[in-house]
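Novice: Sequence:
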Amino acid sequence: DELLVERLGKFHRRLGPGMHIVIPGIERIAFAATLREQVLDVPPQQCITRDNAPLTADAVIYYRVVDPYATRYSVQDHIDALSNLVLTQLRSLGYRYRTDWKRASA
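If you want the numbering used here, it's the 1-based position in the sequence shown plus 320.
Among these hints, one or two may not hold up.
Stated by the list, open to error - Label-pair restraints from in silico Cβ distances: (1) R370 x F331: 43 to 49 angstroms; (2) T376 x V342: 43 to 49 angstroms; (3) V380 x H340: 32 to 38 angstroms; (4) E326 x R384: 19 to 25 angstroms; (5) P337 x D371: 53 to 59 angstroms; (6) R333 x L375: 34 to 40 angstroms; (7) P344 x A373: 56 to 62 angstroms; (8) E347 x S412: 42 to 48 angstroms; (9) T354 x Q409: 21 to 27 angstroms; (10) K330 x D387: 15 to 21 angstroms; (11) P363 x V386: 35 to 41 angstroms; (12) M339 x A379: 39 to 45 angstroms; (13) A390 x L360: 34 to 40 angstroms; (14) R333 x V380: 31 to 37 angstroms.
These are calculated hints, taken from the structure and not from any lab test. Glycine residues also receive a C-beta, built at the ideal position from the N, C-alpha and C atoms.
Can you build the whole structure from these sequences, using the hints too?
Specialist: Next comes the structure, spelled out in structure tokens:
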């Protein structure tokens, strides 16, 4: 796990495992990130295929925060941003499929 410390509202340092001192009133813990792999369940998404047939797609995301600084200061809500990216990809993949496959006669 890694913590980001802000001093007077501005990024100051990263704290790794171990004992550290944070000055109350001047410094605060701005973000706590686990560097382990995490799981995010994406709700089922309605998609439309190329031939206008409805399709429901479901996904599970396995992700890991590599850089807590970029996660905190580049995106407001990294979980929401990750979920939106996956939903966009699911919709575009659903559009590629066709459901009018020819069946082999018996």
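Novice: Could you run down the list of hints and mark each one as holding or not?
Specialist: Hints, verified against the model:
no., hint, verdict
1, R370 x F331: 43 to 49 angstroms, "holds (47 angstroms)"
2, T376 x V342: 43 to 49 angstroms, "holds (47 angstroms)"
3, V380 x H340: 32 to 38 angstroms, "holds (35 angstroms)"
4, E326 x R384: 19 to 25 angstroms, "holds (24 angstroms)"
5, P337 x D371: 53 to 59 angstroms, "holds (54 angstroms)"
6, R333 x L375: 34 to 40 angstroms, "violated (48 angstroms)"
7, P344 x A373: 56 to 62 angstroms, "holds (60 angstroms)"
8, E347 x S412: 42 to 48 angstroms, "holds (44 angstroms)"
9, T354 x Q409: 21 to 27 angstroms, "holds (24 angstroms)"
10, K330 x D387: 15 to 21 angstroms, "holds (18 angstroms)"
11, P363 x V386: 35 to 41 angstroms, "violated (26 angstroms)"
12, M339 x A379: 39 to 45 angstroms, "holds (40 angstroms)"
13, A390 x L360: 34 to 40 angstroms, "violated (18 angstroms)"
14, R333 x V380: 31 to 37 angstroms, "holds (35 angstroms)"
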